[in-house]
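Novice: Sequence:
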Amino acid sequence: MTVLDEIVAGVREDLAARQAAVSLDELKDRAARTPAAVDAISMLRSDGVSVIAEVKRASPSKGQLATIPDPADLARAYVDGGASVISVLTEERRFKGSLADLTAVRAAVDVPILRKDFIVTSYQLWEARAYGADLALLIVAALDDQALISLVERAESLGLTALVEVHDEAELQRALAANAKIIGINARNLKTLEIHPEVFGELAPMVPADVLLVAESGIRGP
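According to the numbering used here, the residues represented by the sequence shown are 1 to 222, in order.
Please keep in mind that the hints were generated in silico from the structure rather than gathered at the bench.
Just to be clear, a hint being listed does not mean it is correct.
Computed cross-link-like contacts, SDA-like style, restricted to lysine to any residue with a CA-CA straight-line distance of at most 25 angstroms [to be verified]:
no.	residue 1	residue 2
1	Lys181	Glu216
2	Lys181	Ser50
3	Lys181	Glu198
4	Lys191	Asp144
5	Lys181	Glu156
6	Lys181	Leu44
7	Lys96	Arg18
8	Lys96	Glu198
9	Lys181	Val120
10	Lys28	Glu92
11	Lys96	Ala108
12	Lys62	Val214
13	Lys181	Ala204
14	Lys62	Arg94
15	Lys181	Gln146
16	Lys96	Val51
17	Lys62	Pro197
18	Lys96	Ala20
19	Lys96	Ala16
20	Lys62	Asp47
21	Lys191	Thr121
22	Lys62	Asn189
23	Lys62	Asp5
24	Lys181	Ala36
Derived DEER-like restraints, expressed as beta-carbon distance ranges [said to hold, decoys possible]:
no.	residue 1	residue 2	range
25	Asp73	Leu213	27 to 33 angstroms
26	Ser98	Ser42	24 to 30 angstroms
27	Asp29	Arg93	24 to 30 angstroms
All C-beta atoms in this analysis are idealised placements derived from N, C-alpha and C, irrespective of residue type, glycine included.
Required output: the full structure, derived from the provided sequences and hints.
Specialist: Set out below in structure tokens:
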């Protein structure tokens with residue numbers, strides 16, 4: 001079992017507990033009362049380098065990263081520093097995130113917010129919208145083709161922008177086939193946690209000009 005497989009297995013267990021506690025109808029009611037999603041693509045296409053700053057307490061590769069007593073304060077500092085989008089980890093076991101962090105950040109800033117998690121069901125997209133996210137991460141390596149296409153379509157129907165993450169050419173072609181509007185090229189292989197910094201340079205030329213590109217992981221400076 002790969003690292004990614006282990007994470008997704010844990011995500012499914014935690015998801016089942018949330019589904020037992022909060023029905024889909026309750027999520028839909030909350031989503032209906034949530035302000036419309038912000039146009040993240042326009043924000044990220046603005047002049048200069050656009051930065052997605054992250055609220056992230058821990059990771060499988062590094063362990064504990066930060067305590068972050070108040071994610072809202074951190075998000076405001078990111079925006080003051082020029083961040084275009086705030087990414088909030090909501091995976092509980094390996095990244096120590098939560099939907100409570102997403103709620104706190106949404107209340108604190110007006111820029112688009114990305115729910116960063118291992119999304120494998122439409123229920124999680126309803127959660128993302130209900131808790132105020134404007135974008136949702138979809139990891140190609142965690143999904144089969146049918147699920148990927150279905151989740152991209154569901155995200156769009158909810159007003160969410162899907163940031164579709166890839167690590168190699170095969171995953172990139174799957175993302176393009178799913179009509180991804182934003183593709184994140186992750187230098188980290190989530191199955192092994194190894195960093196391959198050359199990946200962005202190899203894959204970026206294969207992406208059509210109308211698809212927005214995001215560089216993920218392995219960045220150490222300007």
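Novice: Hints first: check each against the structure and report whether it holds.
Specialist: Structure-based check of all given hints:
no.	hint	in the structure
1	Lys181 x Glu216	holds (16 angstroms)
2	Lys181 x Ser50	holds (16 angstroms)
3	Lys181 x Glu198	holds (23 angstroms)
4	Lys191 x Asp144	holds (15 angstroms)
5	Lys181 x Glu156	holds (10 angstroms)
6	Lys181 x Leu44	holds (12 angstroms)
7	Lys96 x Arg18	holds (16 angstroms)
8	Lys96 x Glu198	violated (29 angstroms)
9	Lys181 x Val120	holds (19 angstroms)
10	Lys28 x Glu92	holds (22 angstroms)
11	Lys96 x Ala108	holds (20 angstroms)
12	Lys62 x Val214	holds (22 angstroms)
13	Lys181 x Ala204	holds (14 angstroms)
14	Lys62 x Arg94	holds (10 angstroms)
15	Lys181 x Gln146	holds (17 angstroms)
16	Lys96 x Val51	holds (23 angstroms)
17	Lys62 x Pro197	holds (17 angstroms)
18	Lys96 x Ala20	holds (21 angstroms)
19	Lys96 x Ala16	holds (18 angstroms)
20	Lys62 x Asp47	violated (33 angstroms)
21	Lys191 x Thr121	holds (20 angstroms)
22	Lys62 x Asn189	holds (14 angstroms)
23	Lys62 x Asp5	holds (18 angstroms)
24	Lys181 x Ala36	holds (19 angstroms)
25	Asp73 x Leu213: 27 to 33 angstroms	holds (30 angstroms)
26	Ser98 x Ser42: 24 to 30 angstroms	holds (29 angstroms)
27	Asp29 x Arg93: 24 to 30 angstroms	holds (28 angstroms)
Against the hints set out earlier in the document, violations occur for numbers 8 and 20.
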